[in-house]
Each structure stands twice: as C-alpha cells, then as structure tokens.
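J.: Listed here are the chains, written in short residue letters.
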Amino acid sequence: DAKTTQPNSMESNEEEPVHLPCNHSTISGTDYIHWYRQLPSQGPEYVIHGLTSNVNNRMASLAIAEDRKSSTLILHRATLRDAAVYYCILRDPSTRGSQGNLIFGKGTKLSVKP
Amino acid sequence: NAGVMQNPRHLVRRRGQEARLRCSPMKGHSHVYWYRQLPEEGLKFMVYLQKENIIDESGMPKERFSAEFPKEGPSILRIQQVVRGDSAAYFCASSPPNTQNTEAFFGQGTRLTVV
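From first to last, the protein sequence lines are chains A and B. For what it's worth, our numbering labels the leading residue of the first sequence as 219, then goes sequentially. For what it's worth, our numbering labels the leading residue of the second sequence as 48, then goes sequentially.
Simulated from the structure, these hints should not be mistaken for laboratory data. Using N, Cα and C, we set each Cβ at its ideal position, and we do this for glycine too. Heads up, some of the hints might be wrong.
Here chain A is said to cover these stretches of chain B; the calculated rule only asks that three of the stretch's residues, wherever they fall, bring their Cβ under 8 Å from a Cβ of chain A [as the list claims (entries may be wrong)]:
1) 87-101
2) 153-161
If you want the ones that stay clear, here's a sample from chain A, every Cβ over 12 Å from chain B, calculated [claimed, not checked]:
3) Met228
4) Ser230
5) Pro262
6) His267
7) Glu284
8) Ile292
9) Leu298
10) Pro332
Some chain B residues near chain A, calculated using beta-carbon distances under 7 Å [stated by the list, open to error]:
11) Tyr80
12) Phe138
13) Glu150
Can you build the whole structure from these sequences, using the hints too?
T.: Below you can see the structure in the form of structure tokens.
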C-alpha cells in the first residue's frame, strides 16, 4: 500500500492560515491525493483531492509538489470549527475493481486557539 | 438526497451476543466500505462491497465477522459472539459507480460497546 507521513499534531490561531503537510514518497503515477477530516465524534468528511495540479475549493486549497512526493493542505483562515484530525490519503492501488478503498493513517490533529 | 445513514448510532451488547450494524448508502451509490476505529486510533479498512459482491475483504477478521450488501436493502456488518475487543466505532462510506477517485461519503458511525 502507498503510505503517507503526517505530523501527529499542529496548533493554529483562529483566523490565521494553516498549512498541513503530507509526505508520500512512494506515490505511484496514477495515485490521487485525497484529504479527509474527522471532527470529534463524527464520521470522516471529504475535504479535497488532486492529482498533479494545485486544487481549490470552498473548504481549502491543495498544493502538490512538482515531483508529487509531498503535498500541503491549506486552510486559508482557521476557525474553531476546523479543529479536527486531518488525514492525507492515497487511493489504494492494489484493490480490485473500478475503485480503490481509502487507507487511513493516524492523521494530524489540528488544534485551533481562539 | 439524504446522506449515508447508519443505525443504530449506539449499540450495547453482552459478550457472546451478535451485533448487526446497518448502512444505507446515498441514493444512487452502489459501492460501500466499512471501517473500524478503536478509541484514539485511526480508521482501519475492513471490507469493500458492491451490490451483491464482496470486492475486497482483506481487512476483515477471519472469524466472527461478515458483511453483505444485498440487491435490495442496506449493507449489513455482522459480528457474531462479540468480545470486549470488538468495542469500537464502525463507519460506513459510500460512493457512486463507474467513477474513479471520487469522494466517499461517510456516515456518522455506530458505536459498539461490549460489556
């Protein structure tokens, strides 16, 4: 399985930008990079995903390194509601069928201070 | 369009009983995934199903655990003869057919407590 490495935890101040890093040095050419987050006592929630180009949506931005061995999730203005565990995930390339499942690591626990 | 629905939200079972966890995917979704999350840990993949087929069950314990996704009705994760170590949150996710690398939508989970 392709693996990712993330810091265990990060802190941010409210209304400041947050850059959450992820290393994925064994990524294959067809792996997409997905980000999910899990708020306390809830199921995971999709944030963003990309392949090679940087991506933006209403929740966040995803910056992907040119060699694709790392990526950064950017929250432009952190709020208290963004406190969650953020997971960087590569689509599992070894699963049969038309879609691979999502392999979760330990993620980064983001704390947001008022 | 309702989201992924899991029930019950909380389930308490005595050791040795059976636990049945239900997952109704989003309308139009034919791919279902089950994950288990132990306290203070990340999600562990258990099984990936399409309608009436198990595609990947590499994360399922070999004994006591089974999953199905019938043509009609919800997906069921069944745990027979539960033990204390089965206490965890079980999450279901669904995604639409015939697409690659789309997002998966997760339910709120079923929290199983074995006493």
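J.: Which of the listed hints are not met by the structure?
T.: 5 and 6
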